[in-house]
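In this text, residue positions in the sequence shown follow the numbering used here: the first is 26, and each later residue adds one.
Possibly wrong hints are sitting among the right ones.
Restraint-style ranges between C-beta atoms, simulated for each label pair [said to hold, decoys possible]:
#1 GLU38 <-> SER127: 30 to 36 Å
#2 THR137 <-> ASP68: 43 to 49 Å
#3 VAL77 <-> THR137: 25 to 31 Å
#4 ASP189 <-> ILE111: 43 to 49 Å
#5 VAL214 <-> LYS132: 31 to 37 Å
#6 MET225 <-> GLY143: 31 to 37 Å
#7 VAL214 <-> LEU117: 21 to 27 Å
Treat the hints as calculated values from the structure; they're not laboratory data.
The C-beta atom is built at its ideal place from N, Cα and C for all residues, glycine as well.
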Amino acid sequence: MSESYIDAGSLNERLERLELQQTEENTWKWVSVGRLWGQVTVDGEKNLFSSVGIGARNAKLVIRSRNLILHEALRWKGQHIFLTSITNRDRLHLDLQGALVSVVTCKGNGYTTAVGAGNRPVKQEKAEQTFPGVLTEKYVRHETEDSYAKAKRLLVLVTPKEIDLLEGDLVTVTDGPAAAVYNVQTRHVLDEFKNEYEIMYSRDI
Numbered sequence: 026m027s028e029s030y031i032d033a034g035s036l037n038e039r040l041e042r043l044e045l046q047q048t049e050e051n052t053w054k055w056v057s058v059g060r061l062w063g064q065v066t067v068d069g070e071k072n073l074f075s076s077v078g079i080g081a082r083n084a085k086l087v088i089r090s091r092n093l094i095l096h097e098a099l100r101w102k103g104q105h106i107f108l109t110s111i112t113n114r115d116r117l118h119l120d121l122q123g124a125l126v127s128v129v130t131c132k133g134n135g136y137t138t139a140v141g142a143g144n145r146p147v148k149q150e151k152a153e154q155t156f157p158g159v160l161t162e163k164y165v166r167h168e169t170e171d172s173y174a175k176a177k178r179l180l181v182l183v184t185p186k187e188i189d190l191l192e193g194d195l196v197t198v199t200d201g202p203a204a205a206v207y208n209v210q211t212r213h214v215l216d217e218f219k220n221e222y223e224i225m226y227s228r229d230i
């Protein structure tokens with residue numbers, strides 16, 4: 026029996042197929058577009074879904090062949106699976122790998138510069154956009170300054186490719202343990218399927 030053989034009865038985990046959609050103006054959400062069955066294995070490995078942040082738990086999946094792409098995602102037992110690899114196992118099945126992550130709702134705000142009266146630059150606020158993101162830690166540091174201490178949190182925000190933020194933009198994470206307002210420090214946008222932003226939050230303690 027071939028090592029790649031998959032018994033149809035082993036594809037017994039129910040999955041939801043998710044697609045990023047613009048549900049209203051300047052609002053993006055993961056929307057369920059179908060259901061499928063697969064085999065899911067969560068091992069002890071780390072999935073480095075972020076190129077600059079810490080990885081997450083890795084999931085290996087087998088599903089029947091279909092036109093799934095890395096711009097999409099899956100949901101399994103309420104858990105979001107950020108897809109990182111899709112390969113053909115055989116004519117009938119696909120092997121997938123993904124990171125088990127928590128999705129948070131984010132609001133992005135920024136400014137552009139327009140030419141005003143007398144050809145003077147005028148700062149204009151861009152329309153706020155709401156979108157799903159995944160946070161992962163890069164590192165945490167604590168600095169002591171002359172008269173007080175300041176705690177700084179540097180996180181990596183991983184977003185779908187459609188979300189384009191600029192350095193200096195503000196990102197409000199509205200839910201989860203890291204809910205706060207952050208400033209975009211660095212952009213990483215060369216990946217074909219996702220964007221990554223290093224974001225900083227700081228407060229006096």
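Against the structure, the hints come out as follows:
1. Between GLU38 and SER127 the Cβ separation comes to about 19 Å, which falls outside the hinted range of 30 to 36 Å.
2. In this structure, THR137 and ASP68 meet the distance hint of 43 to 49 Å, their C-beta atoms being roughly 45 Å apart.
3. The hint said 25 to 31 Å for the Cβ distance between VAL77 and THR137, and at roughly 26 Å that hint holds.
4. At about 24 Å, the beta-carbon gap between ASP189 and ILE111 misses the expected band of 43 to 49 Å.
5. A hinted range of 31 to 37 Å is violated for the C-beta pair VAL214 and LYS132, which are about 20 Å apart.
6. MET225 and GLY143 have their C-beta atoms about 35 Å apart, which keeps the hinted 31 to 37 Å range intact.
7. For the pair VAL214 and LEU117, the supplied restraint of 21 to 27 Å is violated, since their beta-carbon distance comes to about 36 Å.
Hint check: violations occur at hints 1, 4, 5, 7; the rest are consistent with the structure.
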